[in-house]
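Chains as they are written, first to last, in our numbering: chain A, 1 to 331; chain B, 1001 to 1348.
Calculated directly from the structure, the hints in this document are not laboratory data. Nothing here was measured: the structure is a model prediction, and the numbers come from that model. Backbone N, C-alpha and C define an ideal beta-carbon position, used for all residues, glycine too. Heads up, a few of these hints could be off.
[As the list claims (entries may be wrong)] If you only want the chain A side, here are some residues facing chain B, beta carbon under 10 Å, derived:
| hint | residue |
| --- | --- |
| 1 | 16 |
| 2 | 66 |
| 3 | 173 |
| 4 | 214 |
| 5 | 223 |
| 6 | 225 |
| 7 | 285 |
| 8 | 290 |
[Unchecked claim] Beta-carbon label-pair distances, calculated as ranges:
| hint | chain 1 | residue 1 | chain 2 | residue 2 | range |
| --- | --- | --- | --- | --- | --- |
| 9 | A | 168 | B | 1105 | 42 to 48 Å |
| 10 | B | 1171 | A | 34 | 43 to 49 Å |
| 11 | B | 1023 | A | 174 | 50 to 56 Å |
| 12 | B | 1255 | A | 189 | 36 to 42 Å |
| 13 | A | 268 | B | 1028 | 26 to 32 Å |
| 14 | A | 232 | B | 1279 | 41 to 47 Å |
Next come the chains, spelled out residue by residue.
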Amino acid sequence: MTDTLSTAVSHELDGNALLDAYRTMRTIRAFEERLHDEFATGEIPGFVHLYAGEEASATGVCLHLDDRDAIASTHRGHGHCIAKGVDVKAMMAEIYGRRTGSCHGKGGSMHIADLSKGMLGANGIVGGGPPLICGTALAAKQKGTGGVGVAFFGDGASNQGTTLEAMNLASVWQLPAIFVAENNGYAEATSSTWSVAADNIADRAAGFGMPGVIVDGFDFFAVHEAAAEAIQRAREGGGPTLIEVKFTRYFGHFEGDQQTYRAGEVAYARENLDCLKRFRARVTETGQVEAARLDAVDAQVADLIDAAVEEAKAAPKPTAADLETDVYIEY
Amino acid sequence: MTVGVVANPASGRDIRRLVAQASVFPTAEKANMVQRLLTAFASVGVTRALLSTDLGGISAAVLRALRGRRPGRDGGWPDVVFCDDDAITGTARDTTNAVRRMVADGARLIVCLGGDGTARVAAAACGDVPLLALSTGTNNAFPRMREATVAGLAGGLVATGAVAAETGTRRATVLHAGVADRGETALVDVCASRSRHIGSRALWHPETITELFCTFAEPDGIGLSSVAGQLCPSPRDEPEGVALTLAPPEHARWVVHAPIAPGLVVPVGVDAWRPLPVGEPVEIGLRGGVIAVDGERELELTGTETATVRLCAEGPRCVDVSAVLAEASANGLLRTENQVAQRKERQR
Chain A
1 MTDTLSTAVS
11 HELDGNALLD
21 AYRTMRTIRA
31 FEERLHDEFA
41 TGEIPGFVHL
51 YAGEEASATG
61 VCLHLDDRDA
71 IASTHRGHGH
81 CIAKGVDVKA
91 MMAEIYGRRT
101 GSCHGKGGSM
111 HIADLSKGML
121 GANGIVGGGP
131 PLICGTALAA
141 KQKGTGGVGV
151 AFFGDGASNQ
161 GTTLEAMNLA
171 SVWQLPAIFV
181 AENNGYAEAT
191 SSTWSVAADN
201 IADRAAGFGM
211 PGVIVDGFDF
221 FAVHEAAAEA
231 IQRAREGGGP
241 TLIEVKFTRY
251 FGHFEGDQQT
261 YRAGEVAYAR
271 ENLDCLKRFR
281 ARVTETGQVE
291 AARLDAVDAQ
301 VADLIDAAVE
311 EAKAAPKPTA
321 ADLETDVYIE
331 Y
Chain B
1001 MTVGVVANPA
1011 SGRDIRRLVA
1021 QASVFPTAEK
1031 ANMVQRLLTA
1041 FASVGVTRAL
1051 LSTDLGGISA
1061 AVLRALRGRR
1071 PGRDGGWPDV
1081 VFCDDDAITG
1091 TARDTTNAVR
1101 RMVADGARLI
1111 VCLGGDGTAR
1121 VAAAACGDVP
1131 LLALSTGTNN
1141 AFPRMREATV
1151 AGLAGGLVAT
1161 GAVAAETGTR
1171 RATVLHAGVA
1181 DRGETALVDV
1191 CASRSRHIGS
1201 RALWHPETIT
1211 ELFCTFAEPD
1221 GIGLSSVAGQ
1231 LCPSPRDEPE
1241 GVALTLAPPE
1251 HARWVVHAPI
1261 APGLVVPVGV
1271 DAWRPLPVGE
1281 PVEIGLRGGV
1291 IAVDGERELE
1301 LTGTETATVR
1311 LCAEGPRCVD
1321 VSAVLAEASA
1331 NGLLRTENQV
1341 AQRKERQR
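The following block holds chain B by itself, in its conformation from the complex (with noise of 0.2 Å):
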């Protein structure tokens, strides 16, 4: 029984921390939240695991951890295998390369260590196999912030069908932002944006943001689906989106004091907001701007491109943490009795 697990060496690490306080997720963490998934793993019967290579130093530090195990002492641990078959291009494709690889050698399930771009690209690459997303980027407005061991435990119940798919996993909602022959999967949010250059990526200046579309919108999210979480929620489980207008604050109809990423609460004006229909496709009135996918700037727009957005009910089956652990609980699959110990009870 094989799960797959991509770790990317360059989340948590851009603009944000200097212009926003984002968290930082050392490498040495990563690695360990491998481990603690490995030692979960093997505690409900996977017996092997892909590990995703990397040049940041998180399988080199597993692949020391593992070779430094103590028999007898330390846990079991699945077979780990390390998916080291493609050249390492320091990109988003390293990613997709190790999911395909994981799919391909049959993995059940698939976590992915990373913020919001990089479950992102695990979802578009890992079709029907369960998804778990981890959170050690910035936003992370579609991973959970999980303890691992937990998370590794639920993940593992799924992929040995200890908890069936049905039960334990969530279809989860894509956005599909395109312009001519170029396209983005958004798992959270897409927006225009009158900012010239992908540049930085993120995006911290509400100010330039035209249009946004949400998959979901929580009230308690972080990142630009705040806004719409704080003015128009829309359940993360239920497949509508909802659309907006934006505006200047001093001009909008609403202004929303959102945490647009980690450390920075600012007033984001709204003009107009509605239900986004699963299908609908959106024009963006937007010219030479960019659209950014889950709080990232990806495609650069010309003066004269059009870009299109939309919402999309196949995305990824996501591993529904508490729903597993729940379901393990009232089934009593984490526990066993210990007949001697009752009947000594009994005796007494």
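Only chain A is shown next, with the shape it has when bound in the complex (with noise of 0.2 Å):
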């Protein structure tokens, strides 16, 4: 007798939302794509640090998130925006330094922000981002809303006392707060198997007394699979969660980093391990999704792309006049 998939699991995903993930990822891929090339061109101030090749943590994770949650991401941070539906242009000028950004062109790449959407920002301080957390984290507990918060940290900071200290203080009030680790292997240029004493970060879990968990973050299925379980254990008033992400990021630190630190695992990453790879061939391998509404979604966000730049480099930037606004907010 043939058995159908008539059950599915609770937490799978339709073809829909299969292909809204999907177009979540291949945008935070474009995106950081697109960068590295502009990057080149001398037309972006300040620095940028790509997310290309981790698009399945922050998608997977965000995914289960609605406007009553709240995010706090690193310098690392566009894909954890686009994730939480900052809207690509605002983001794109706000790189740009441009008046129609995100921030008013004020912040550029390390510090995109939208408190609307519940993206509290992408933070130039390693470890700055999960003492916040706590703090939405407590207010979600204290209200009742039922809303989470999710400190996205990487290997670098998971060494900051900011983030021990956020990860005890969420343990000792059992907030519903979520620590994703995000261990690319490199802090900066430092190999994590180095400067990390317990070597993995999921093993500090046990030591404030939660979860600890590590995934494969190259595998959208498996973040998507131990977020829904973290998230809704928070939701239901079960405490903090520290879910370890392991994948490697695609280009360097910086955009200009050398890279003399590490050798190959980029090239074998992409060709073997790639989450947009991945999923594209198990959804179409099962006919949930068919390859040619992919490939629409790919030429869509090209398009996006395309006109985010067009519109970030056309935008005014910011005068001496802008200095004096947006420095303090009244409550």
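Reconstruct the complex from the two isolated chains, following the hints.
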């Protein structure tokens, strides 16, 4: 007797949701690859740190989030912004330092924020995000909104006192907080196998009395499943979770990084592990999404990124008068 | 006289710590287990130990301990050789490479530290060399939760030949699961799940499982084989296995309340079961789901592929710690007689 897949696992996605996930990952990839090219022209001020290769993490986590929820990001924050719903054109304009940007061109790549979307900001301070999430998670708990806070941070930030203090506080207060350690193997040029004493960041969770798990960061479905369990647990009052997502970033620590500290792994990952390739292969093999629909998304995303760059370049820069705006907020 | 020890740095860290309070097995404890094994090996005459290397900190911790040993105060260890000829991939390939190197280098025993998944990979690579699987993972239906010192004594006695392999080892059965050109070998169980993706690998939604096959099923087992263990037990020592057809609990003929993972006792519906003879190929009816081996999703099926399962009697030769140490006791392998003291006793 042939058994069909009539009963889906509760957190498995239908065809449209899979398409949304693919669109988010493809948008992040296209955004970052375009920035890689554009940064080389010298038109973009400041530093950019690209998220290409890590798309499954931001997407797999943020697909479970809604307007009640907040995230805190890192200096490598474009992917988190896109996954949490920040306007892509406003992001591009921000990176170009234009008045039409998410922060009116005053923040740049490392400070993109959109509080209306629950995106508390990319963060130039390594380990700056986790304490913020304790605040939003405490607010959600006190107000009873059912909301959660998610802190994305890297392997370098996992060694910062701020991150460890935040995990301790989240556990003591049983906050609806999820700590997503994005271990891409290097803190700038320092290998995490050298700098992380416990070797696995997830192992530290036991010391804070919370679950800690490791997932394959190149596999959207692995991240999505783990995040589903952690976020549901947090919403239901179960407290915080640490998820370590392991993968490789495709570009250097920053644009211009010569990457003399690593060799070969990026080419291997792009060829054999890439989250977009694996996603496409699996959803088409199972017949959940037709390849033509994925192709259509690719084309739509390419158009969006073209338009975002074009509009950003044409947008005005902040003026001297803008220096005095957006400095203080009135409560 | 050489033995090999492979320790998986990744075992015991999957999603079951989030969904089922599974135990956490820190790197430091795995390194301690390796050291306790070395002490036991030396005491029964093992002269050389090949150790796997990893980027997870186990081999580094053992190396630090090795350099810090105090002559005259710390007990003897065999000569320790780290297998570092292969590049570390961070995948199951590392276990395979290490075990193959050890076997090629004359190891007469392979000890593996990990869960069911690690034991499965080591078993596939160790050939006829006796395997001693110690639990540092999650489900652990196959590897035993044993004190490493005691297990090391037993393994060492088999490796040196002090206890004959015929007495101290048992041949395990395995399940071969295959689809198209892909295949996996399970030590405990194979199941078909309606889950569409490998995802986070572990299976903790029994309602997605349609068919279950077990090499053995013990009433006090953990993991999916515990379902059969409470319904139709099948001893570890007998070659025959069991095959079960699962169904939603509300429609099933039997509902078993089974510990399918540490901290997770759930109702599992079973419609039918039967003995599974060695050698019979069984076609799995599911299309488009996944095949899980020893509780971990490993093979994704397309909508047109058919997977098959077959029980095979030629599994790994496993060290039976209890049997070895009973033999040691019967033959006085771990005791000596003090003639002087006995003579003094007689004179009194």
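**OP:** Kindly indicate which numbered hints from before are broken by the structure, ordering the numbers from low to high.
**Re:** 1, 2, 3, 8, 10, 11, 12
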